[in-house]
Amino acid sequence: DTAVSQTPKYLVTQMGNDKSIKCEQNLGHDTMYWYKQDSKKFLKIMFSYNNKELIINETVPNRFSPKSPDKAHLNLHINSLELGDSAVYFCASSQEPPSGNQPQHFGDGTRLSIL
Amino acid sequence: GIQVEQSPPDLILQEGANSTLRCNFSDSVNNLQWFHQNPWGQLINLFYIPSGTKQNGRLSATTVATERYSLLYISSSQTTDSGVYFCAVRTTSGTYKYIFGTGTRLKVLA
Chain E
6 DTAVSQTPKY
16 LVTQMGNDKS
26 IKCEQNLGHD
36 TMYWYKQDSK
46 KFLKIMFSYN
56 NKELIINETV
66 PNRFSPKSPD
76 KAHLNLHINS
86 LELGDSAVYF
96 CASSQEPPSG
106 NQPQHFGDGT
116 RLSIL
Chain V
49 GIQVEQSPPD
59 LILQEGANST
69 LRCNFSDSVN
79 NLQWFHQNPW
89 GQLINLFYIP
99 SGTKQNGRLS
109 ATTVATERYS
119 LLYISSSQTT
129 DSGVYFCAVR
139 TTSGTYKYIF
149 GTGTRLKVLA
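Line by line, the protein sequences give chains E and V.
According to my numbering, the first sequence is numbered sequentially starting from 6.
According to my numbering, the second sequence is numbered sequentially starting from 49.
Quick caveat, the hints were computed from the structure, so don't treat them as lab data.
Certain hints may be false.
What the hints assert, rightly or not - List of simulated lysine-lysine pairs, DSS-like, C-alpha gap at most 25 Å: (1) E:Lys-57 with E:Lys-24; (2) E:Lys-46 with E:Lys-76; (3) E:Lys-41 with E:Lys-72; (4) E:Lys-46 with V:Lys-155; (5) E:Lys-57 with V:Lys-155; (6) V:Lys-102 with E:Lys-41; (7) E:Lys-24 with E:Lys-14; (8) E:Lys-45 with V:Lys-102; (9) E:Lys-57 with V:Lys-145; (10) E:Lys-46 with E:Lys-14; (11) E:Lys-76 with E:Lys-45; (12) E:Lys-24 with V:Lys-155; (13) V:Lys-155 with E:Lys-27; (14) E:Lys-76 with V:Lys-155; (15) E:Lys-41 with V:Lys-155; (16) E:Lys-45 with V:Lys-155; (17) E:Lys-41 with E:Lys-14; (18) E:Lys-41 with E:Lys-76; (19) E:Lys-76 with E:Lys-24; (20) E:Lys-57 with E:Lys-45; (21) E:Lys-57 with V:Lys-102; (22) V:Lys-155 with E:Lys-72.
Unchecked claim - Covered by chain E, according to a simulated footprint, are these stretches of chain V (three or more residues, beta-carbon under 8 Å): (23) 66-74; (24) 113-125; (25) 131-138.
Note that CB positions come from ideal geometry on N, CA and C, so glycine has one too.
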């Protein structure tokens, strides 16, 4: 069973379009994250959610809107896609203090290419 | 904010060689993980090691939190070890936020 699954794996779209990436975890974790990996392989946190509540928003443009319908799901919607949004987006989950302390587990990533 | 630097940035080894990768961080941390990003782009957990030493087969890791560094040892390297190695830290003031290091790109030659 895949612990953290995200869909789609690949997304190729035109500039200006709106797209969504979905993420689900079956580990029972209370915290989920979105990361962006750029072309130089640098990984940067975008958002973190704890028990469906937004905790961290790392100065990400308003065009990016995460939504967590429940603890096991964290989706990412992107409006008006720009060339600079081309990257690999990773979803992750963990169990954070005080309710626990478990390492992060990552999905396989979604490679977004903007034409 | 915290700075997380990894060294060396690039490393080329012959199969069978040993290596040490280093992760330095500029602030106190209460969590540290090592990951291997394989050539298919997957991020694989290697170690969850806020302090102390752990071993898993040919890999071992040591974190000295008081001196703000962690080391990843790879012994008898294999071509399948190729990829990028990342450390990621959570600061004592930064729950729900992990900062990734700059990465070490490793290539193991047959």
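Hints, verified against the model:
1. E:Lys-57 with E:Lys-24: holds, 21 Å
2. E:Lys-46 with E:Lys-76: violated, 28 Å
3. E:Lys-41 with E:Lys-72: holds, 16 Å
4. E:Lys-46 with V:Lys-155: The given pair, whose Cα atoms are some 15 Å apart, holds under the 25 Å limit.
5. E:Lys-57 with V:Lys-155: With a Cα-Cα distance of about 40 Å, the restraint between E:Lys-57 and V:Lys-155 is violated, given a limit of 25 Å.
6. V:Lys-102 with E:Lys-41: violated, 29 Å
7. E:Lys-24 with E:Lys-14: holds, 13 Å
8. E:Lys-45 with V:Lys-102: Outside the cut-off at roughly 30 Å; violated.
9. E:Lys-57 with V:Lys-145: holds, 15 Å
10. E:Lys-46 with E:Lys-14: holds, 17 Å
11. E:Lys-76 with E:Lys-45: Violated. E:Lys-76 to E:Lys-45 sits at ~31 Å, over the 25 Å cutoff.
12. E:Lys-24 with V:Lys-155: violated, 35 Å
13. V:Lys-155 with E:Lys-27: The given pair, whose Cα atoms are some 33 Å apart, is violated under the 25 Å limit.
14. E:Lys-76 with V:Lys-155: Violated. E:Lys-76 to V:Lys-155 sits at ~38 Å, over the 25 Å cutoff.
15. E:Lys-41 with V:Lys-155: Measuring from Cα to Cα gives roughly 24 Å; hence the hint holds.
16. E:Lys-45 with V:Lys-155: Holds: E:Lys-45 and V:Lys-155 sit about 16 Å apart, inside 25 Å.
17. E:Lys-41 with E:Lys-14: Satisfied, since the Cα-Cα distance of roughly 14 Å is no more than 25 Å.
18. E:Lys-41 with E:Lys-76: With Cα atoms ~21 Å apart, E:Lys-41 and E:Lys-76 stay inside 25 Å; holds.
19. E:Lys-76 with E:Lys-24: holds, 22 Å
20. E:Lys-57 with E:Lys-45: Given pair E:Lys-57, E:Lys-45 is violated - Cα atoms ~31 Å apart, limit 25 Å.
21. E:Lys-57 with V:Lys-102: violated, 33 Å
22. V:Lys-155 with E:Lys-72: violated, 38 Å
23. 66-74: violated (count 0)
24. 113-125: Answer violated; 0 residues pass the 8 Å Cβ test.
25. 131-138: holds (count 3)
Hint compliance for this structure: hints 2, 5, 6, 8, 11, 12, 13, 14, 20, 21, 22, 23, 24 are not met, and every other hint is.
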